[in-house]
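The lines below spell out each chain.
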Amino acid sequence: MNLDKKVSPQADFIAAWLWVAFGLVVVIGAWRMDRLESRGASLYTAPGLVPGLLGAVLLLFGLLLALRAARAGGHRLRGRSWALGAEARIAATRVGVFLVLGLGYAAVMVGRMPFWLATFLFVSLTIIVFDWTRRQLAGQAPRGLMLAVTVGAGTAFVVSYVFQEVFFVRLP
Amino acid sequence: MFSGLIAFGHSIWSFVTPESLFYVFGSTLVGLIIGALPGLTATMGLALMTTLTLKLESSQALLILICTYVGAIYGGSRSAIMLNIPGTPASAASCLDGYALARQGHAGRAMGIATSGSVLGTLIGMFFLALFTPLLGELALKFGAYEFFWLTVFGVVISGTLTGNDPLKGWMAGFLGLFVACIGQEAIYAFDRFTFGNRDLAGGIALVPALVGAFGFAELLSVMKAHQPTVKINPFDSVIPKLVDVTRHWRTILRSGCIGTFIGVVPGVGEDVAAWSSYAAAKRASKEPELFGKGSIEGLMAAETGDNACVPGAVIPVLTLAIPGSAPAAVLMAAMLIHGVQPGPMIMIQSPQFVYDIVAMMLFATLGILFYGLTLTKLLIRVLQVPQTVMVPIILVLCTVGSFAIAGRLFDIWVMLGFGLLGFLLRQGNYPMAPLVLGIVLGDLLEKSLRRGLVLSDGSLAPFFTRPISLVIWVGIALIIALRFEAVRGLLRRLRPGRAR
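Protein chains in written order, with our numbering: chain A, 32 to 203; chain B, 2 to 502.
Just so you know, these hints were derived from the structure itself, not from any lab.
None of these values were measured; they are calculated from a predicted model.
Beta carbons are placed, not taken as given, at the ideal position from N, Cα and C, and that holds for glycine.
Here are some of the chain A residues that sit facing chain B, going by a computed Cβ distance under 10 Å:
#1 Y75
#2 V81
#3 G93
#4 E118
#5 I121
#6 A122
#7 F129
#8 L134
#9 R165
#10 A179
#11 T186
#12 F199
When you get a sec, could you build the whole thing from the sequences and use the hints?
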């Protein structure tokens with residue numbers, strides 16, 4: 032994951048080969064697809080025609096990107112430091128923590144426990160996790176905790192009520 | 002002419018109900034807040050609102066979406082002027098002069114200019130929407146499978162070229178979007194493609210959860226990357242627009258309105274390009290170009306008029322060709338399809354009133370932004386002070402519920418998360434999102450057109466290249482791609498007559 036603003040030629044070079052591999056997989060998948068000749072399909076209506084063409088285009092673009100990145104020195108992968116700077120490391124940590132919380136909520140908790148409870152836990156926990164240091168430094172830890180619990184409870188109640196009672200949507 | 006005006010009058014009258022007016026002002030405010038908050042874009046707002054309005058009647062749902070769209074594009078100017086951070090990419094050009102004016106103590110005046118520019122821009126675009134949609138609709142009737150095939154490719158290619166700063170990556174994102182649309186059962190034989198035996202995937206990737214993921218979850222991840230300090234807002238002067246700012250710059254307003262609308266019509270390009278193009282044109286034509294970037298009223302007026310004129314412009318190809326003019330318009334088109342409205346060349350024949358309904362919705366949205374531009378400024382500015390740590394989890398909850406609400410499937414939440422991750426990774430690699438969205442929306446049309454065309458021509462590719470409209474479009478595509486290569490540009494430079502002499 033590149034969290035620096037500028038994308039390095041090395042990152043582009045690696046990404047290009049991922050695109051090439053993806054395009055190749057799509058082309059092979061499309062080629063091996065049933066052409067349905069037994070059902071009277073002509074070559075022009077074969078299900079694999081369009082995905083195959085699109086896969087080929089992606090493969091071609093991947094090769095072009097690899098070529099461009101290599102010209103900019105992207106193929107020299109040895110000796111390049113992949114360590115993130117301090118700022119990028121903090122950014123990566125923030126994204127990682129939010130990703131864990133978000134996936135934990137949407138992919139794990141929702142559907143396995145009451146929606147309001149999952150929402151309350153997720154919103155409160157996210158606010159506490161991301162706001163804790165600032166609040167603690169400002170000597171406002173109890174206030175921050177109170178805010179997190181209030182916003183979590185409010186969101187859980189309002190979203191559940193509005194979707195179920197106003198929009199008549201069954202919640203997960 | 003008069004029948005059009007009468008139809009427009011009917012459309013306006015049909016929305017003059019307490020319920021519709023509530024939706025107009027409510028959704029414009031939601032749009033404004035989404036647009037004003039840095040990191041949240043109009044596309045995300047529309048994707049989210051599409052999921053919230055599923056159960057409403059189609060005209061009311063589309064009214065809400067159009068008001069959100071117009072509100073969000075206008076709302077971006079708030080944070081551009083006050084914080085030097087564009088609320089949406091469309092407001093990036095407004096930062097240059099808007100923030101400079103704010104630093105000179107004229108933040109209120111700058112907001113007034115943004116309000117008048119946005120209102121007039123939307124009105125100019127609306128005029129062209131009413132004027133050109135029937136004309137373009139008539140032309141679109143001449144389009145067959147061959148032309149539609151090239152038009153979809155053109156949309157993805159031009160969007161990839163103009164929306165990011167790396168056309169190759171833009172094209173890759175666009176063609177990835179076209180491929181995503183191929184996943185699931187294909188239309189002719191109901192044959193499963195790339196489903197890996199998954200029954201949920203057989204139905205294809207649902208458009209709205211994918212868009213909510215690519216624009217919602219991915220944007221939230223991007224927002225969370227950096228800690229945003231609490232915003233401090235300085236006092237500002239009156240936000241009431243000054244008549245002199247409008248009368249003195251009427252040429253700029255007209256020019257920017259026309260440019261914005263035209264850019265809107267070009268498939269998949271969008272409001273940010275419209276704003277920058279209008280800004281550049283205004284600078285070229287200005288008597289005071291040295292003031293641009295230092296607090297030029299003309300510059301701010303041009304940017305704000307251009308981006309808002311683009312909104313009705315982007316709806317023109319949606320209605321006439323079923324090809325969106327911008328990323329938010331792609332979501333709007335998806336919402337139309339969900340609500341059973343089939344945009345495209347037949348719309349002026351099958352439901353001409355619908356076109357005037359859309360124009361009337363734009364008018365109400367304009368009234369909405371005018372109202373909020375003159376009032377509630379302090380409240381809207383206060384929204385900017387809500388910490389991101391509070392906003393972000395709430396928005397993810399809405400993304401989750403919204404994705405689930407469409408079909409009541411947990412699978413759609415997975416789609417939203419998957420596309421969110423994909424969108425985030427692509428953004429980190431400098432791949433623009435607009436072509437991806439356009440590709441997902443246009444994939445079905447591309448496939449149907451190509452296969453239908455090949456069947457009609459019995460496998461001959463000749464009609465794809467020789468029919469007059471097809472010829473123009475594919476030559477255009479070839480030129481756009483070829484001109485990105487230095488070797489071709491060098492050759493053209495050598496061929497210039499002046500150079501030859």
